[in-house]
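Protein chains in written order, with the working numbering: chain A, 26 to 164; chain B, 26 to 164.
Treat the hints with care, since some could be wrong.
All copies of an identical chain are treated as equivalent in the list; a pair is satisfied when it fits inside any one copy or across any two copies.
Below, simulated DSSO-like cross-link-like pairs (lysine-lysine); rule was C-alpha separation at most 30 Å, straight line [unchecked claim]: (1) 147 <-> 94; (2) 161 <-> 27; (3) 27 <-> 124; (4) 27 <-> 147; (5) 161 <-> 124; (6) 147 <-> 98.
Just so you know, these hints were derived from the structure itself, not from any lab. The model shown is predicted, which means the values in this text are computed figures rather than measured ones.
Protein chains: 2
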Amino acid sequence: MKLGRLNHVGVATRSIEQSLATYRELFGAEPSAASFDLPAQGVRVCFVDAPNAQIELIEPLGADSPIVKFLDKYPAGGQHHLCFEVPDITAARAHFEGKGARVLGPTRIGAHGTPIFFLHPKDMGGVLTEIMESPKQAH
Amino acid sequence: MKLGRLNHVGVATRSIEQSLATYRELFGAEPSAASFDLPAQGVRVCFVDAPNAQIELIEPLGADSPIVKFLDKYPAGGQHHLCFEVPDITAARAHFEGKGARVLGPTRIGAHGTPIFFLHPKDMGGVLTEIMESPKQAH
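Construct the complete structure from the given sequences, taking the supplied hints into account.
As structure tokens, then:
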């Protein structure tokens with residue numbers, strides 16, 4: 026196991042539109058594509074590209090969204106998770122489970138269309154950590 | 026203004042050594058250099074490199090450290106700030122001030138030896154944002 030690419034930083038927001046307005050106004054940044062729903066995660070997402078990594082703006086999709094509680098606690102929004110890439114999600118899951126790290130829920134398809142899972146923040150120094158299989162075409 | 030490189034994600038911890046043990050155990054990651062004190066920021070720092078960006082582990086340096094309160098609130102540690110690069114810190118500061126964003130404190134020398142300042146999280150969707158002049162040799 027080697028620390029892989031930091032694919033993105035997940036930033037929770039009550040309003041992707043409002044966050045995009047901020048990135049546009051302060052940084053001249055535009056989203057790399059339109060926002061889209063990710064029902065498996067209970068969020069609506071939109072990516073803003075820095076030259077080397079992405080900011081993933083995530084907005085609650087429905088009242089049961091897992092980020093509703095986060096936004097109740099941090100009404101202004103804020104950093105929600107970090108996402109690192111791995112070459113093989115099945116091997117990575119076995120690796121982390123073998124190390125005793127708590128994996129949250131099943132492996133599922135993430136915002137980039139590749140399989141992902143999350144590691145419990147208590148096993149990663151307080152940081153909710155997404156592990157994502159690298160898109161094949163990108164490497 | 027264009028959104029620059031995501032230089033690093035700042036992660037607060039009570040113990041850099043303990044965080045390094047976690048990154049080593051789970052990701053096989055080693056710090057890119059030894060930890061060092063940054064008295065101007067009131068923190069001790071250590072960088073762990075992903076292939077495209079860095080994790081900056083920050084530990085309080087003294088009881089007056091600005092991250093003591095953060096760690097009181099989040100005893101396990103957690104994501105503290107994002108740092109984006111700009112080509113010219115003076116122009117960037119004028120740009121953000123001109124946009125009405127609150128700049129926190131004076132421009133000072135940051136962990137990579139180049140000038141930095143911070144934007145108030147309330148003006149960046151809840152994300153404390155460091156703006157850092159790119160190291161000259163890196164580009």
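Going down the list of hints, with the structure as the test:
no.	hint	verdict
1	147 <-> 94	both (17 Å within a copy, 19 Å between copies)
2	161 <-> 27	both (18 Å within a copy, 28 Å between copies)
3	27 <-> 124	within (14 Å within a copy, 41 Å between copies)
4	27 <-> 147	within (20 Å within a copy, 35 Å between copies)
5	161 <-> 124	within (26 Å within a copy, 40 Å between copies)
6	147 <-> 98	both (18 Å within a copy, 15 Å between copies)
Checked against the numbered hints above, the structure violates none of them.
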